[in-house]
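Engineer: Order-wise, the sequence lines are chains A and B. The numbering used here applies: residue 124 is where the first sequence begins, and numbers increase by one. The numbering used here applies: residue 196 is where the second sequence begins, and numbers increase by one.
Hints should not be assumed to be uniformly reliable.
[What the hints assert, rightly or not] Quick list of the computed label-pair ranges, beta carbon to beta carbon:
1) 292/B x 137/A: 50 to 56 Å
2) 458/A x 297/B: 54 to 60 Å
3) 205/A x 340/B: 24 to 30 Å
4) 278/A x 481/B: 46 to 52 Å
[Said to hold, decoys possible] Every beta carbon over 12 Å from chain A, so not counted as near; a handful from chain B, in silico:
5) 211
6) 219
7) 293
8) 314
9) 332
10) 334
11) 336
12) 340
13) 367
14) 393
15) 407
16) 431
17) 452
18) 496
19) 506
20) 586
If you are wondering where the hints come from, they were derived from the structure by calculation, not from laboratory data. Idealized CB from N, CA, C, for every residue including glycine.
Each chain, letter by letter, is given below.
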Amino acid sequence: MSGQSFTFEGRSVPFRPGQSVGAAVWAAGDRTLRTTRGEADPRGLFCGIGICHDCLVVIDDVGDQRACITPAEEGMVVRVQQGAVPPPAVAAAGHVGPGELLTTEVVVIGGGPAGMAAAAAATAGGAKVVLLDAEARVGGQYWRHGPHGLGAQHHAVEAFTALRTAVDGAAAIGLLTHRPRHRVWRVDPEGGRVVVHAVQACGGAGGEAGGEAGGGRPDGGGERPVTVAATAVVIATGAHDTVLPFPGWDLPGVLAAGGAQALLKEHQVLPGRRVVVAGTGPFLLSLAAGLAQAGAEVAAVFEAGDGRGWARRWRSATAVPRALIEGAQYAATLARQRIPVRARHIVVAARGRDRLEAVEVARLTGEGRLVPGSARWVRADALAVGWGFTPRLELAQQAGCTLGVSHAIGPAGAAAVVADAEGRTGVPGVYVAGEVGGIGGAPLAQVTGRLAGSAAAAWVRGVPSAPDGAELAERRRLSAFAATMHAAHPVPPGWVEALTPSTIVCRCEEVPADRLRHVVRELGATDPRTAKLLSRCGMGWCQGRVCGTAVDRLVADVTGRRPGGFVDARPVAAPVRLASLLDPADTPRPS
Amino acid sequence: MSTTTAVGGSSAWGRAPDVVIVGAGVVGAACALAASRAGLAVTVVDRGPLAGGTSSGGEGNLLVSDKPAGPELLLALHSLGHWQDVAAHLEEVTGHPLGGIELEHKGGLMVASRPETVAVLDRIADGQRALGVEAIQVGPESLPDLEPHLAPGLAGGVLYPQDGQLQPVLATATLLAAARRLGAVVRTEVEVTGLMRTGDRVRGVILAGGARIEASRVVNAAGPWAGQLAALAGVHLPILPRRGVVLVTQPLPPLVRRKVYAAEYVSNVASDSAGLESSAVVEGTPSGTILIGASRERVGFDPAIPTAVVRRLAAQAVELFPVLAGARLLRTYRGYRPYTPDHLPVIGEDPRAPGLIHACGHEGAGIVLAAGTGQLVAELLTGAPPSADLGPLGPARFEGAA
Ligand SMILES: Cc1cc2nc3c(=O)[nH]c(=O)nc-3n(C[C@H](O)[C@H](O)[C@H](O)COP(=O)(O)OP(=O)(O)OC[C@H]3O[C@@H](n4cnc5c(N)ncnc54)[C@H](O)[C@@H]3O)c2cc1C
Ligand code: FES
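Just chain A, with the same shape it has in the complex (with noise of 0.2 Å):
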């Protein structure tokens, strides 16, 4: 401990740098952040990314910071954020730094696995690129770590290692250019080149940009407009977990699982003492073998699917045996640590006072409905909970691509972009990376980042693409792989049995269920967008980020119609600061 601090509504709590705020008083055994704006019921952490903005806090006096993704520093005064707060006075001092134009030939938006990948080869094929990305280091979700690097907890360092080799060479030599974070909030196809506009997140109150140790509150006073023109654009914007409602989900200690697994990877602390793990699919076992490792005591691990789908599917299954061998490793951690593994269970309910001190779970038919009197409670003090992923789509919506299924497509039924196998898509220029184009995992990610970074920089080239065939055969085996996964891992109909009349659906409007299932009843709406307009559901901070699976499940149940067709359109990506949009420098000129 190297001794650094801040204060948390006036006590002390003590920070390893590169912790974020919220990891810090996680770690610190606090677990309210907020408390809502209708009924003043406590929020902390939940999707630990900065998409569900459940976490908002207050900042030497500046509101609607997300603790989660808010670098700690030396001396803040955070505070618990009562509902809404007024907006801090930005333009007065002069917070929004002068806007900034980049052009190059290829925008890589996204540096996970994909977008690495689809910038180191697109360099690799001579084009200048820009790789922006909201994190302050790259490495996505898969390879998210802090400012010590890869620990432990991270699988296939050694690929991590040669792609963050490869960008950083290209960046050497002057071809790439990484802009951390920074958020894209709109990409704009016109006429033959593409436009992306972002916001950079600049230092606490107003300073630089911070570097990669400290600095740079994404949600601080200091923002400033960042536009990149370029010839083509990957889109690489990966995934976010797939939450489902229950009754409690929305206490303090019920996390998403990517959430809980970003608390332990980047910032070392453990969600909880005594952790559940629920949903459905391999996500599940790897992160509870790693909570295991860090020295959670993990109570068990509840998966709703049962292995009859990978039992049928077990040819495409073995065609990826790396993925088993992983697998089995988990297993094997699990097996050794003594955390049961049971399938066909569900969580129902969360209970607790201001925080999570117990889950419910039941038993699922072979249907994936809820038995009847199998409840049962467990003690602990966090829940990590994952129905799968669900693309990030508003970038590649408002560039104008298809969306559709793609060559596989999330547990949820989720959407993702319609492209080739290069993936190129049906608008010139733009082209997308890995779980954009549906979710498959870390190595499918890598696979369709080099074939769309190759892609992008022949068109911009004025060539034909050339891609690799052996490259082109391993995207067909892992895109197998990953139908077979979310076959495999159905999200089962038992969780609708599981909500009661006064279960918060929309976690940041406070939406309950009997008031979602009211407007479908009662006042005629039949498809998601109409619900959402009725009843608020998906008009939050999250903008149906965390809510939309369930909204469109419900819409669904309801109605008697098939769910999985509803993508609400965002033509805002991020949210961005009205001062923001002021600046005319970020305004290119025609070229």
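The hints should help you fit chain B with the ligands onto chain A, whose structure is shown.
Structural biologist: Showing chain B with the ligands alone in chain A's frame:
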């Protein structure tokens, strides 16, 4: 696939309705409730979900302030009265205060930055007062009391206590639900592709797939698409879309009490220009977000939300309310105002196609004008004397203009 959202009610499948209303926007919904309350058997059809058109693409202001003395202002005053009546009915059937449609008479404040503009505002207000509008002159020193966060240095303004707002999608759905209780049938996701006719007379609608609904009267409440529906009856109706973009901020504590807008807004509303025009219209909502409107562009049904328009609206809002510079933009959306060359709606039976009653062309005032339009259409349907002057609103006025 067609979906029926009819619940309860006595009217019915099988029996031909007295009237088919095409369009389940706020105007069609208001017509449906008024006709149902008048005892008619009503069927509403829409090719999309309810309120899927302009009624979910705009704001919900009920304004008299932006309408200089003239037929539209008279119509707005007439309609405001009917909104009260409709809200009382909705309260009775839903049990929620004013029907739960977020109806609020919060008042509007028009401000000007230059003394010359204030003088123009005062002249407009004089004309409005003569028609019964409450308009209160506000000197620069009183502006901060009314709106503490307003930019300093403004030259003055006019306060309009009658201005209000509601949530248009909730209003549309609640009106339709109330109509259904009285027996109306609402069918969404069915497109009208033709009109049944005998000679010039319209006798019902033909749906995609060939099904027909016979009715002695058809109401054209197809919003910006009303010209296309009229064309199915062989008549020309010059209704064009005028795109508008709205910005929505993060939830905030109450910062803007009324609907506040800059004086240039009125000239934009009345403009014939096809180019981009905008001036800030800023208002808070019960959910804590602030809505910033509104641009006006005649670009057809172009679905884009241009970044340049977003920037312009943001800049104008910050100019009016500097405190918003630090607020975050969460969302933008757009709609197509149904626009006529003389900026007046079309309400009346079409002499060229008897049986076809138009209720369209409300441009940027369809929300405020909906209740009154519903009332007037119900009167036309039942033969009751009109409660407002329909003279300037008749469809025949465009005759020869085409
Ligand atoms: C940005 C913006 C801001 C606005 N702000 C305000 C405001 O503050 N106050 C105000 O009073 N007004 C405002 N307006 C205007 C107002 O929204 C409209 O005037 C009003 O919604 C029009 O309602 P409508 O029912 O006529 O049309 P719509 O809501 O468009 O309804 C027409 C319906 O007809 C259906 N339809 C069309 N053709 C067919 C067919 N062939 N078969 C079946 N169905 C068909 C469509 O699907 C649609 O649902 C604003 C508009 C915009 C764009
Ligand atoms: S949970 Fe954020 S908008 Fe619904």
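Engineer: Each hint: holds or not?
Structural biologist: Evaluation of the provided hints:
Residue 292/B and residue 137/A have their C-beta atoms about 51 Å apart, which keeps the hinted 50 to 56 Å range intact. For residue 458/A and residue 297/B, the hinted distance range of 54 to 60 Å is satisfied, since their beta carbons lie about 56 Å from each other. For residue 205/A and residue 340/B, the hinted distance range of 24 to 30 Å is satisfied, since their beta carbons lie about 27 Å from each other. Taken as a hint, the range 46 to 52 Å holds for the pair residue 278/A and residue 481/B, whose Cβ atoms sit roughly 48 Å apart.
Non-interface call for residue 211/B relative to chain A: holds, since the shortest CB-CB distance, roughly 23 Å, exceeds 12 Å. With a closest Cβ-Cβ approach of about 9 Å to chain A, residue 219/B is found to fall inside the 12 Å limit, against its non-interface label. Residue placement check: residue 293/B keeps its beta carbon more than 12 Å from all beta carbons of chain A (closest about 15 Å). With a least CB separation of 30 Å from chain A, residue 314/B remains clear of the 12 Å interface cut-off, as annotated.
The non-interface label for residue 332/B is consistent with chain A: the shortest C-beta to C-beta separation is roughly 30 Å, beyond 12 Å. Under the 12 Å C-beta cut-off, the non-interface status given to residue 334/B relative to chain A holds; the minimum distance is some 26 Å. Non-interface status of residue 336/B relative to chain A is upheld: no Cβ of that chain comes within 12 Å, the nearest being about 23 Å off. Annotated as non-interface, residue 340/B keeps its C-beta farther than 12 Å from every C-beta of chain A; the closest such distance is 19 Å.
The claim that residue 367/B lies off the interface is violated: its Cβ sits roughly 9 Å from the closest Cβ of chain A, which falls inside the 12 Å cut-off. Non-interface call for residue 393/B relative to chain A: holds, since the shortest CB-CB distance, roughly 33 Å, exceeds 12 Å. At roughly 23 Å from the closest C-beta of chain A, the C-beta of residue 407/B stays outside 12 Å, upholding its exclusion from the interface. Distance to chain A confirms residue 431/B as a non-interface residue, since its nearest Cβ pair spans about 32 Å, more than 12 Å.
Remark: the non-interface label on residue 452/B is consistent with the geometry, its nearest Cβ contact in chain A lying 14 Å away (cut-off 12 Å). With a closest Cβ-Cβ approach of about 16 Å to chain A, residue 496/B is found to remain outside the 12 Å limit, as its non-interface label requires. Annotated as non-interface, residue 506/B brings its C-beta within 12 Å of a C-beta of chain A; the closest such distance is 5 Å. Listed as outside the interface, residue 586/B is consistent with that label: its C-beta sits roughly 36 Å from the nearest C-beta of chain A, beyond the 12 Å cut-off.
Figure legend: structure checked against the earlier numbered hints; hints not met, in rising order: 6, 13 and 19.
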